[in-house]
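**Student:** The listed protein sequences derive, respectively, from chains A and B.
The working numbering runs 11 ahead of the 1-based position in the first sequence.
The working numbering runs 159 ahead of the 1-based position in the second sequence.
Everything labelled a hint here was simulated from the structure, so no lab data went into it.
Every residue gets a Cβ at the ideal spot worked out from N, C-alpha and C, and that includes glycine.
Treat each hint with caution, since some may be false.
Stated by the list, open to error - Label pairs and their calculated CB-CB ranges: (1) D303/A x P326/B: 37 to 47 Å; (2) R122/A x A423/B: 55 to 65 Å; (3) K421/B x A195/A: 56 to 66 Å; (4) V391/B x V22/A: 54 to 64 Å.
Unchecked claim - Residues from chain B that keep clear of chain A, each with C-beta distances beyond 12 Å, as calculated: (5) V273; (6) H294; (7) V407; (8) A413.
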Amino acid sequence: MNEMIRAEGLVKNYGEVRALDGLDLSVPEGSVLSLLGPNGAGKTTAVRILTTLLPFDEGQATVAGIDVRTNPNDVRSRIGLSGQYAAVDEYLTGFENLYLFGKLYRLGRARARERARELLERFDLVEAGDRPVKTYSGGMRRRLDLAGALVANPSVLFLDEPTTGLDPRGRAEMWDVIREMVRAGTTLLLTTQYLEEADRLADEIVVIDHGRPIARGTADQLKSQIGGERVELVIAAREDLARARETLTFFAVGDIVVDEQSRTLVAPVSGGSGVLTEVLRGFDANSIGVLDVGLRRPTLDDVFLTLTGHAAENGGSEEIELKESA
Amino acid sequence: MAALAWLVADGAAVAQRNLIKIKRVPEVLVFVLLSPIMFVLLFAYVFGGAIDVPGMNYREFLMAGIFAQTVVFGATYTGAGLAEDMQKGIIDRFKSLPMTRPAVLVGRTSADIVYNILSITIMATTGLLVGWRIHTSFWEAAAGFAILLLFSYAFSWVMATVGLLVPSPEVLNNAAFMVIMPLTFISNAFVPADTLPPVLQTFAEWNPVSAVTQAARNLFGNTSALNPPPDVWPMQNAELYTLIWIVVLVAVFAPISVRLYKRASSK
Numbered sequence: 012m013n014e015m016i017r018a019e020g021l022v023k024n025y026g027e028v029r030a031l032d033g034l035d036l037s038v039p040e041g042s043v044l045s046l047l048g049p050n051g052a053g054k055t056t057a058v059r060i061l062t063t064l065l066p067f068d069e070g071q072a073t074v075a076g077i078d079v080r081t082n083p084n085d086v087r088s089r090i091g092l093s094g095q096y097a098a099v100d101e102y103l104t105g106f107e108n109l110y111l112f113g114k115l116y117r118l119g120r121a122r123a124r125e126r127a128r129e130l131l132e133r134f135d136l137v138e139a140g141d142r143p144v145k146t147y148s149g150g151m152r153r154r155l156d157l158a159g160a161l162v163a164n165p166s167v168l169f170l171d172e173p174t175t176g177l178d179p180r181g182r183a184e185m186w187d188v189i190r191e192m193v194r195a196g197t198t199l200l201l202t203t204q205y206l207e208e209a210d211r212l213a214d215e216i217v218v219i220d221h222g223r224p225i226a227r228g229t230a231d232q233l234k235s236q237i238g239g240e241r242v243e244l245v246i247a248a249r250e251d252l253a254r255a256r257e258t259l260t261f262f263a264v265g266d267i268v269v270d271e272q273s274r275t276l277v278a279p280v281s282g283g284s285g286v287l288t289e290v291l292r293g294f295d296a297n298s299i300g301v302l303d304v305g306l307r308r309p310t311l312d313d314v315f316l317t318l319t320g321h322a323a324e325n326g327g328s329e330e331i332e333l334k335e336s337a
Numbered sequence: 160m161a162a163l164a165w166l167v168a169d170g171a172a173v174a175q176r177n178l179i180k181i182k183r184v185p186e187v188l189v190f191v192l193l194s195p196i197m198f199v200l201l202f203a204y205v206f207g208g209a210i211d212v213p214g215m216n217y218r219e220f221l222m223a224g225i226f227a228q229t230v231v232f233g234a235t236y237t238g239a240g241l242a243e244d245m246q247k248g249i250i251d252r253f254k255s256l257p258m259t260r261p262a263v264l265v266g267r268t269s270a271d272i273v274y275n276i277l278s279i280t281i282m283a284t285t286g287l288l289v290g291w292r293i294h295t296s297f298w299e300a301a302a303g304f305a306i307l308l309l310f311s312y313a314f315s316w317v318m319a320t321v322g323l324l325v326p327s328p329e330v331l332n333n334a335a336f337m338v339i340m341p342l343t344f345i346s347n348a349f350v351p352a353d354t355l356p357p358v359l360q361t362f363a364e365w366n367p368v369s370a371v372t373q374a375a376r377n378l379f380g381n382t383s384a385l386n387p388p389p390d391v392w393p394m395q396n397a398e399l400y401t402l403i404w405i406v407v408l409v410a411v412f413a414p415i416s417v418r419l420y421k422r423a424s425s426k
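Isolated chain B, as found in the complex (with noise of 0.2 Å):
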């Protein structure tokens, strides 16, 4: 018990130090953010015109696959601070301080979810800009960015790992765009599922973003009966499936990331 709470203390401190990080070097966050502003921007006014979602606007379509690309997008932020954290020395100041082992870790990751929460509000405003709407009650609301938070927490722990295996932040940022790519292409995050081809068409199904866009639609009412999800287990119980995602990538990767993490030294 003692030991927990030292994890908390530590953990608190070492979330502490990164967060005063956003505040003094904001261009970090400016620039992570540009992307999916643009993202929004050019899926709703060069693309959505060709793309046809049966029964409603496309921009309401779109804003809950933005907000996935959002989140996963934000966990190499993660990725690429504790990258940064090995490359300097400041690792082996924190290792030989007698703080609990993976509070590093939990800090970093703990942070995160403050970055990701300032980075759904900026795109839930430039939703709200370009007509995106959310018609559930409020408590329906909460629960959608409730979950997209996790699933960002959950996804700060694999890029943590990604982190710690990696040289260096620049290295990270590939590895992160080979995986981020494909996770938020191949989905139903821009266009709906069944319009792939059969093969990608599975993969975008069972897809973990697909499940977060599919929760975060229902979530927020933006649905139509006419385009209803495809008729697999996963995109009919969205939000079960993303929880169920949630859960495990956080007991596969933080154990991971703690491992790494003990016997890593600064490169």
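So here's chain A without its partners, still in its complex pose (with noise of 0.2 Å):
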């Protein structure tokens, strides 16, 4: 199979700050990569390098077999990338966006003008599409970036975190269309802070941190890594930690984390509900209180709590950007 996306050794350094520190990657066609990590991890700083908007200071780059570093202009015109910060002009109608994109993908006019009106049909932007994009939600402004990069029918599209800042229902319709897409044959690759969002769009999963890689594998096998579900008490006295903590030990499937100041545990389970359940039970027989329990699904936190032993931190150069740009 072909690989699409090929980075070897890709290395970054703003001044002393070293974004990227040798990371490798590997896309197949028609699959899923996602570039799971917390902010500064140095996620979009592989995508602006993959996409020819930034020069890198070592390493080996191809995008659909074309040298990224020696042939950026013929990696442009087979790549879409849709980002963070809705790149579209909102004082144009979307049409108007979508028609200049095309023009400067050189569709010829009378493409660019037909192709605008497919995608949006396909992005449900029709009775949006003569009002200046200004007028727009987030959700339609994201929408509307996406279908700029898929313009030119690209046969790689470049997403980073393309639901950042979404509410619940904006972020589902996005992974429909994400979804649509790479069924359509596109091969993706994806960045994203949120472990859900991976799981359910991503063929593999590449975890990175300061750069690096930390853990790669398919989703089954990272959450095998990290565990499944996670178990979280607030108990009500701080003096009860210590026995709580043992108490959950019998539940407990790995590594039980303390947090003393806000008197909260958290554990990874399996078995479903009918844990809570029996936790709590636990905690009742052992006369502890509990202020609040819960359920849930692991989260990037937990991810890096398992695979480096501290939580995520946001720092570094991509953090330091979305400040300058607040």
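Can you join these two chains into the complex? Each is in its own frame, and there are hints to help.
**Tutor:** Right under this line is the structure:
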């Protein structure tokens, strides 16, 4: 199978900060790779390098078999990019944006116009198509941005945190759209901070931290490594923490994390809601007061705790960029 | 050759985009133009009475200066628009497209010619209303407007460079003010240069804004034998000196801004 994205030993320094520290990636044709990590892990830097927006210091990268460093313009005509901030012109209408991108992708006027209409239809923006983007909701802007990335029917698509900042409904809509594109055979590199998103969309997940991959595999492999659901308890009295931990040991299938400050205990468990009842019964039997209890899916923080022993840290260059733009 | 054709096509696409913005947000144009209109009224009716230009009506003298000031101020629109694009994600979009790199800048500066045509038309109308008249032939007058537009185009590239260097459109407006105020006021735009103290007078005589003002005065016939331009080469050859500035500004600032654009990314 063809490799549509290949990166070997990518290194990128911003002055003293090493944003990428030897990243290797390989994405076969028609598959979805998710880069999972916190802000500042190097996700955006990797996307910007692979989409020719940013020069890099060391390593090799090819997209659709074309060298990113030596032949950027050919790469640009094969890729689509949609980012965290909708890269559309808010004074133009939805149609005008897509028509402009079509012309700049060199489809020709007639084809660009036709393509813009097709995409508005597909992304449910027909009614809004002749209104300036200024009047769009966040979700609509993001859909238009994604439509912009698809104007030239790219064989490789890069989505940088496509659902960050969207409400649950917007997120679900975006997932549907992405799944549809993948079914149509698009190769996709997706960055996200949400484990759930990577789990739902990706064939392979690469977890990165400080510009380095710290784990990779399918969603199932990753989950078997980090365990399934978590029970999270907040207890009433701090002096009960030790006993609470002891009680929880019977149910946990991995390390228990205790936060003294908030009197919170988190333990990976298996067995679904039945476990929750048993845990509560156990706490009751030991007369440990519980303020709050819940069962939840593992989050990025849990992944990081399991893999690195520390919580996901925000930091690094991407975080700085975010602050500057705020 | 093909590359040049693509530059023109891509530049035209970007220019069209920028012109749509003028149509969608006409308020920008209105407010940018209000200040030169206020300058006309201020100088014509408030300061004008105290400024004596030998041999001619002050308002005749003033308008070429106002035109020069308008096109120089108009260039901030180029810079601010570019700074705004840089701040938003749209530049990343453009850079990820297989378009020619300088097209964003070429499109921007070209669209601003249209913007400057609009603003000069409005200023000329204001001038006619306060008593300004053109005393030369149609072709000379056309040459006068052409040299103003060419100068505005060249100055757009200066402001494009500034726009790529500053972090936000707000900063650009302040930075531009620092450049534009001395350039337009230490010149012959509002008062005859020989009324200035010696050091400022020399600056004014070599100032390109003085040159374009003098060139426009010559070409519109807003001159008087009693008030000849200072006996220095730039003022005696204002049209040629202005054209030299136009060529130099484009030759220097177009490549610099293209380089900056290539390296820049959204902030």
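**Student:** Take the hints in turn and mark each one as holding or not.
**Tutor:** Here's how the hints hold up against the structure:
1. D303/A x P326/B: 37 to 47 Å: With a Cβ separation near 44 Å, D303/A and P326/B satisfy 37 to 47 Å, so the hint holds.
2. R122/A x A423/B: 55 to 65 Å: 31 Å, violated
3. K421/B x A195/A: 56 to 66 Å: Once the Cβ atoms are compared, 34 Å apart, the range 56 to 66 Å for A195/A and K421/B is violated.
4. V391/B x V22/A: 54 to 64 Å: 58 Å, holds
5. V273: 15 Å, holds
6. H294: Consistent with the label, H294/B stays out of reach of chain A, its closest Cβ about 41 Å off (over 12 Å).
7. V407: Nearest chain A Cβ is 31 Å from V407/B, so the label holds.
8. A413: Holds: least Cβ distance 20 Å, greater than 12 Å.
In summary, the structure is inconsistent with hints 2, 3 from the numbered list given earlier, while agreeing with the others.
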